Each structure stands twice: as C-alpha cells, then as structure tokens.
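Going line by line, the protein sequences match chains A and B.
Quick note: the first sequence uses this note's numbering, first residue 1, plus one each step.
Quick note: the second sequence uses this note's numbering, first residue 1, plus one each step.
Hints listed in this document are in silico derivations from the structure and should not be mistaken for laboratory results.
Being a predicted model, the structure only gives us computed values, none of them experimental.
Just to be clear, a hint being listed does not mean it is correct.
Because identical chains share one entry, a pair is satisfied inside a single copy or across any pair of copies.
To be verified - Pairs of lysine to any residue residues, derived as SDA-like cross-links and limited to a Cα-Cα distance of at most 25 Å, are as follows: (1) Lys304 to Glu289; (2) Lys180 to Glu289; (3) Lys177 to Phe190; (4) Lys202 to Ala100; (5) Lys177 to Asp145; (6) Lys316 to Leu172.
Number of protein chains: 2
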Amino acid sequence: MPLTRRAFAQRLAATAALSNFPSPLLPAEGSRKIGYCMVGLGRISLGHFMPGCRLSQMSQVTALVSGHRDKAEKYAAQYNIPASNIYNYENYDQIAQNPAIDAVYIALPNSMHAEYTIRAAKAGKHVFCEKPMATSVKDSQAMIDACRTVNKKLMIAYRCQYEPTNLRAIELIRSGKLGKIQAIESANGFHETLGEWRLNGKLAGGGPLMDVGVYSLNASRFLTGEEPVEFQAYSSVIDKDGRFNDVEENLSWIMRFPSGVLASCNTTYGANMPGFVRVHGSNGMLHLEPAFGYEGIRLQAQIKGEPAMDETNPAKDPAQFTREGDYFSDCILSGKEPKTNGEEGLRDMQYIERIYRACGRSLL
Amino acid sequence: MPLTRRAFAQRLAATAALSNFPSPLLPAEGSRKIGYCMVGLGRISLGHFMPGCRLSQMSQVTALVSGHRDKAEKYAAQYNIPASNIYNYENYDQIAQNPAIDAVYIALPNSMHAEYTIRAAKAGKHVFCEKPMATSVKDSQAMIDACRTVNKKLMIAYRCQYEPTNLRAIELIRSGKLGKIQAIESANGFHETLGEWRLNGKLAGGGPLMDVGVYSLNASRFLTGEEPVEFQAYSSVIDKDGRFNDVEENLSWIMRFPSGVLASCNTTYGANMPGFVRVHGSNGMLHLEPAFGYEGIRLQAQIKGEPAMDETNPAKDPAQFTREGDYFSDCILSGKEPKTNGEEGLRDMQYIERIYRACGRSLL
C-alpha cells in the first residue's frame, strides 16, 4: 500500500537530515515502488544496490537472476521475494510475463551487459546497467537501439553523477568561482587478485581503464562539461605473475578538451590507488578525495579570497545506491530521460576505445 | 678566521636541532668558507640564496654581479661586500682576478645560464647554476665541457634532491616498503603575470615545463631511480590575454620508464597549481605536498600493515638554500662530484626537448 505524500515527505526529511543533503526526489502521490530484478548476485548487487533499495521509498528488489539457485533462494528470503520471482540465465526472458518487474539491474561481468540489456528490453523492461556499459562501441549502440525500439529507459550507473559532493564540485566550477579551468589530474585503481573476472579479457573487455579508469574519464567530462577531443596513452605490465596476460596492469593517459583544458589520468590493477580528481582553475583549485568511493566523498577547495572549503558527504553506504536507484525510478515514473543514459555510456566507450588505440591496445 | 672544529660542531648541532634534521656536512678543520659571487640579483638570489648563505658555516656571499649599480651597492652593504667586489655584465670576466670568489651562483633568466656559466669557467670559477640548466641541449653540453676543461665543478640547483623530506621519500621507495612502483602523478604550476621574463620565449626558452614542470620531471626520475624512455604530451593556451604569445600556458605529459612505471604530469602558468608528487606501489603509496616549495615539505604515506606516516620538514626558508649551497661548498672543498652535476641537468634538458617535440612545440 503506497504511503501518503505526507508520510513520504516525513521519511525523506529524516533521511535528508541524516545525510545532511536533501534528497531531490519525491514520488508522485499514490505511485508504487519501482520493482527491480537483479541480474547477477555479486558484491555490488548484494552488498550495495539491494541494501540501497531497502532504504528507498521508490525502489524495491522484486526478482533475482542467478546461476546458483541456492544462493538466490537465500537472498530471496531476506528480501521477501517469492520463489516464483527467481530466474536463471536460461529462463531470464520469462521476466516479460512478470508485472512485479519494472526494470532490471545489470551487475554482470562487462561482456554480458549487452546481451542481458537487449534481452531485458525485448522483455519490455527498463534497464539500469553498471559501468562500463559494454565491451564495444557496437554493443553499446545495440543496447541503446534495443531500449529505444521498445520505448524503455536505459540508464548507466554513473553513481558519481548523482552523489551530492561530486555535484557540489560541478556547481563550484559552473559558478565560475574557480575561474577558467586549466588542468585536471585524476587517478583511480586497486590491487586486483588472480582469478577475478576483471583479469579475463573475454569477460572484462579491458583492464583497469574499463573498470576504474572510467571514473576519471567520466569525472573529467562532467566536471568540465566538455567532451575530450584527443587522447594519448601508455600501458604497462610490471608484475609478471600471470595476472596480466589479457589486460593491462597500468595505464596513463592525457586528454585535450576543446577549450584547451588538459587532463592527465592514471589507473592500475597493481596498486591500491586512491580515487581522486583535482581541478585547477585560474582562480582556485578543488580536490575530491575519496572521489569515487561508496562513502566519505570529500571535497576540498582553495579559492582566491575565500576561506578554504572542506566538506565530506556524511551519508553512509548504501546511500549512493539508494539515490541513483531512486533517480532511475523517478525517470521511469515521470518519463524523464536519465542524464546518464545510453548515449552517455556510449561516449565513454568510444573514448576508451581511442585511449586503448593510443597505447597500441584494443578492446578485447 | 676559521672556527675550530668544535665550534663548528656546536653551531651545526644547534641548526640541526632547529630543523629536526641533522645537517650532513661538517667542513674540514681549518677550512675557510667558500666565497660565492651572485650573478643576477633577482628574487631567488636576494630572497633565498643570499639569506641561506648568512646561515651557513661553509658558504658566504663575497661578490655581486648586477646591471644596476645602486641596487648592488645596497645589498653589498648588507652583506659586508666591498665595492671592489661588485661587477656588471660587461666586466664580469674580471672575477678571474678575485681570489675571494670561489664559485658563481647563476640566477639569471634561463637563456643567459650558458653564457655566464662558460664565462665563469673561463675565469677559473666553480659554477652553481639554477634550473633549468639552459635553453638547449647544445648549450647544456657546452656548459659541461667548459667546466670540465678547466677542472671546475658544475652543479645544477636541484634543491629537492638535498631536501630531507624528499630524501625520506626516496629512502622509503628504495627500502622496498612501497612494493613495486607502478605509477606516479605529479603537478606543479603557478599563475604568471604579464611582463615577467618567464613569458618571453627568448629569455625563458620555454614555458612552465622549463620553469616548474621540470620539478615533476626531475622528481619522477629521482624517486624511481630510472630514466624515462618515452614521452607523450599536449600543450594548450586558454587565456588569450597576451601572456602566451611565446610560451605554452598548460602542458600535460606522460612518461614511460623502463620497468613499466608510468608517470602523468601537469604544469601551468595559468593557475596556482600546488606542487605534488604521488607514488603508487604494490604495497602502499606516498604523497609529497608541498613537494617542491621553499619550506613545509610534507610527506604522507600509507603502507600496508604500517601506521600512516605524516612528516613535515620543520625547517624554514632559507634552510634548503643553506643546505644545497653547503653541499656544493663541500664538493668544492673535498673534490667530490656533485650528484646534480651538469649531466643531470643535461638529461632533463634532453627530456624537455622530447616533451616539447611530443606536443608539436620546441625549445625557443
């Protein structure tokens, strides 16, 4: 039974007070929650997106897709999901007949994003897909086309574009307080372990650039509001321990934006490289660190003639997942096009392809 | 009259206590101070190197070269320098006849470094030259040859290579505690004002890469202990206000080292870009910031299984100038080759030339 508008408002206000950031979304009076089918029960679904839905007034997990029935039943019980709403990768297309499913959440290895997005579209469902969108430009375009054909929404989970402290950074830049933006540094990486799918070229499509470097790429774009026009890059493998037979270990790239802004970025699977972005303007600089994590996003800024700024988003994980999920639920309910739609994901895929080409590699 | 060894030791101990870092140098018993002739009375001479000598037991300012006699006389009085030890750019070669001058300190616009180094060598003096060494590889080699021919020392003022907190960072990396080094980010830049010689291509030879980017270049080399083998770069001009008719405003470059370490660096004259270096290893990371300034150099490190490290060099400006000056004085007294000799400067000049070429520019 839907909550009244007033009850919604009270609960949202309570959440907002907790997080110190107002939640921008309020579902239309009388609307039901958007039902999500989890496609893939890995760390991000189980540890983040599903707990995020638990805190939401707009999104709920109503179905699961997994190759492991036992595992699915265990989590179905925790989320009050009936056994009839558990699917596997073979009977996945039957979600078409399930009205409890409005949308799917694709949290599979990268190379499977396209297939499961297209099958979801054919089943008449909206698609919320983790980044990177796919493992090729062609697949990305096919995903966009499949969703458009059936008039369903496609959103790529660029979580940072919905995170309040990242939004503050954008606002600070757009306000002109930093002056003319000149340069950006960014990095993001972690130490990946042998055996993980991210090291398998067929499943991942690429190395750390695909998985974590894309945060620096996407942030450089949303912070400047520009699209990069040129790329140069190097990749390297230092650890000859069998982890990097398919994918690169390290990748450094530079990009030039039309205004002349230059960005230099690093990514790696060989070191725990804290995610940061630093933006230099003629009138000041800002530094986001951690910039891309699930909680504790911190913004520091030094602007000429103003006191130093130092703000941390106090919201705890999975608040960011609640927020991006609610945004997509609102898009579905209101018919609004998501700001991080398929085209946004496609652009990054095109840039990733060009970065790989610049260092003599290619998407796998 | 020279101090006794004991008096020296006491005064050095007092200085060391002040700075929390032991001074590594102790002049040989009975040795006199090395006499320096300042070539160029700009900010770095007057504000840093000369005050640095005042605090030194090994170095003293004994002569001045300036195009402005009044200015020279004013500072000569402050430093008890006799009027006979004031030179101008015409009679500069007469320093040959002045036994109070052991060495010259070259703090002129970049394009003048070669000429005044070579004339000093011909006058039989040792040369301590500010970075960048020169404005061409050819000039750099000529400077090395000129000093070698007369058997005089040539040291390039790579201050950071003598600064204790930078040295701690090197030590931390060499100890293996950071594991295998994978990647480096670095930046350094400042907002330069119209009319300054640094914006004049003929005097500067290049833009921020020459003047401040060279810190990131040099630090990437001394921190890894490797020589970069490949470079890619972009430059840009964003501010069309007449400052950047000759030199670049922004420059981003990436370098590959033989081990596979990748470094990405930014420099600018369009923003106050705090100097930093961040080094990522498989077992931890270190961050130097400020990394290159005259005081307050701070080292933070996160190493797996160890408490976080956060150390700041408490020594105040001009302690770094005292230290690098004393190092060179010790080289002169003991016959030791400076670690940042002409060849060290030449290597950076070669890399700078390659970075400019990589972005379609050249040394000016």
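Comparing the hints with the structure gives:
{"no.": "1", "hint": "Lys304 to Glu289", "in the structure": "both (21 Å within a copy, 19 Å between copies)"}
{"no.": "2", "hint": "Lys180 to Glu289", "in the structure": "both (22 Å within a copy, 23 Å between copies)"}
{"no.": "3", "hint": "Lys177 to Phe190", "in the structure": "between (33 Å within a copy, 17 Å between copies)"}
{"no.": "4", "hint": "Lys202 to Ala100", "in the structure": "neither (33 Å within a copy, 73 Å between copies)"}
{"no.": "5", "hint": "Lys177 to Asp145", "in the structure": "neither (40 Å within a copy, 51 Å between copies)"}
{"no.": "6", "hint": "Lys316 to Leu172", "in the structure": "within (23 Å within a copy, 34 Å between copies)"}
When each numbered hint is compared with the structure, violations occur for hints 4, 5.
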